[in-house]
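Input sequences plus hints: build the corresponding full structure.
Protein chains: 2
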Amino acid sequence: MPPELSSRGAFFCPMNKPEPKPSRWDKLGESILTRTRIFDLRTAHYRHPVRNAERDFYVVHSPDWVNVIALTPDHQLVLVRQFRFGVDDFSIEIPGGVMDLGEEPVAAGLRELREETGYAGQNARIIGRVHSNPAILSNACHFVFVELAVRSEALQWDTDEEIEVVTAPVDEVFAMAHSRQITHSLVLDALFYFWPYWLEIKKG
Amino acid sequence: MPPELSSRGAFFCPMNKPEPKPSRWDKLGESILTRTRIFDLRTAHYRHPVRNAERDFYVVHSPDWVNVIALTPDHQLVLVRQFRFGVDDFSIEIPGGVMDLGEEPVAAGLRELREETGYAGQNARIIGRVHSNPAILSNACHFVFVELAVRSEALQWDTDEEIEVVTAPVDEVFAMAHSRQITHSLVLDALFYFWPYWLEIKKG
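Quick mapping for you: the protein sequence lines, in order, are chains A and B. Just so you know, the first sequence maps onto residues 1 to 204 in the numbering used here. Just so you know, the second sequence maps onto residues 205 to 408 in the numbering used here.
Derived by calculation from the structure, the hints in this document are not laboratory data. Worth double-checking, as some hints may not be accurate.
Where chain A lies over chain B, by a calculated footprint (3+ residues, C-beta under 8 Å) [unchecked claim]: (1) 248–260; (2) 386–392.
Per the computed footprint, the stretches of chain B lying under chain A, defined by three or more beta-carbons under 8 Å from a beta-carbon of chain A, are [said to hold, decoys possible]: (3) 233–241; (4) 273–287; (5) 291–301; (6) 337–350; (7) 360–367.
Here's a subset of chain A near chain B, in silico, CB distances under 7 Å, partners left out [what the hints assert, rightly or not]: (8) Lys27; (9) Ser138; (10) Thr183; (11) Ser185; (12) Asp189.
A virtual CB, placed ideally from N, CA and C, is assigned to each residue, including glycine.
Shown next as structure tokens:
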């Protein structure tokens, strides 16, 4: 289990010459510039509360995403290898995808795991959550950990999905991340959150 | 230093019922839908080599980014707190930004560190690199590690930048990430890559 972490807020060490605190900009409105199948590009109109400057900023809006750490009974992780259009190349990742409207992250994670890989498991729970990119993306990515994952279901790929389902021992997956065979930022985040769980599991 | 990692390719455990391998789609062309100050939204036109289907996919193009792990002589990390328009809220991050055209990642990291925080350091080197999001973003984010970072330079914020510069002990920063006070996906990636270096540094 992850270490007990203090939530005390007094972690900041004041600098010798403190700058003024950053202001919270006021969002006055936003409009959709372009809609695509998987995200909207919007302009958000903001006013700075002190300087009174008004500016437009660009934001990519998408539903939240979910990524799944699925651990098999023999301590391998379920991986997927796909062609990815963003990088025009193949990418080795963990199962995941876009959450449906109103869907809870754990349910979405189990659904994506089942549809993409045919695996189902037990004791599914959230182990982390990030903002995909606070500067330009509005959404979050949730990380679900599933144990005792076994292949038991039929695949249900989306249109244009072609997925190679593979497994690898957990320590090998961490090595793949450190050696840059795995390069997806969100997969490394999942491994970051999974690390303390894995240390406990290895201890037995 | 990070563990010696094998680069053997035979990590895949074949499944009982292997699916056909995913195909590499052929990119036939792309066009810019929308240009913003920080990225372009493009449509890329692809053909599947086997099914002969043609489809448009949306890709956000941006220059590469760089993020910096700056370690002070007393083993604190330099952090920045900013208002972020993507999430319409404040975010605690490490220094970083967009690389200039033709700029090398280490130079870009040192420049962003200096401009955003006034810190300069020594022994700067790359410790990792991710794809920001292989599905929809074309770019990479490079991670630079700088040691003996001290505040010695004047700040040079971009227009609309207001940055609170803070430091915190390294283990506290890891705890902030696990307790979700730090939520930026790329900052967690930086900490993922930094972990084996930190273990060595702590050993002395």
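Tested hints:
no.: 1; hint: 248–260; in the structure: holds (count 5)
no.: 2; hint: 386–392; in the structure: holds (count 5)
no.: 3; hint: 233–241; in the structure: holds (count 4)
no.: 4; hint: 273–287; in the structure: holds (count 4)
no.: 5; hint: 291–301; in the structure: holds (count 6)
no.: 6; hint: 337–350; in the structure: holds (count 8)
no.: 7; hint: 360–367; in the structure: holds (count 3)
no.: 8; hint: Lys27; in the structure: 6 Å, holds
no.: 9; hint: Ser138; in the structure: 5 Å, holds
no.: 10; hint: Thr183; in the structure: 5 Å, holds
no.: 11; hint: Ser185; in the structure: 4 Å, holds
no.: 12; hint: Asp189; in the structure: 5 Å, holds
The structure is consistent with each of the numbered hints, conforming to all of them.
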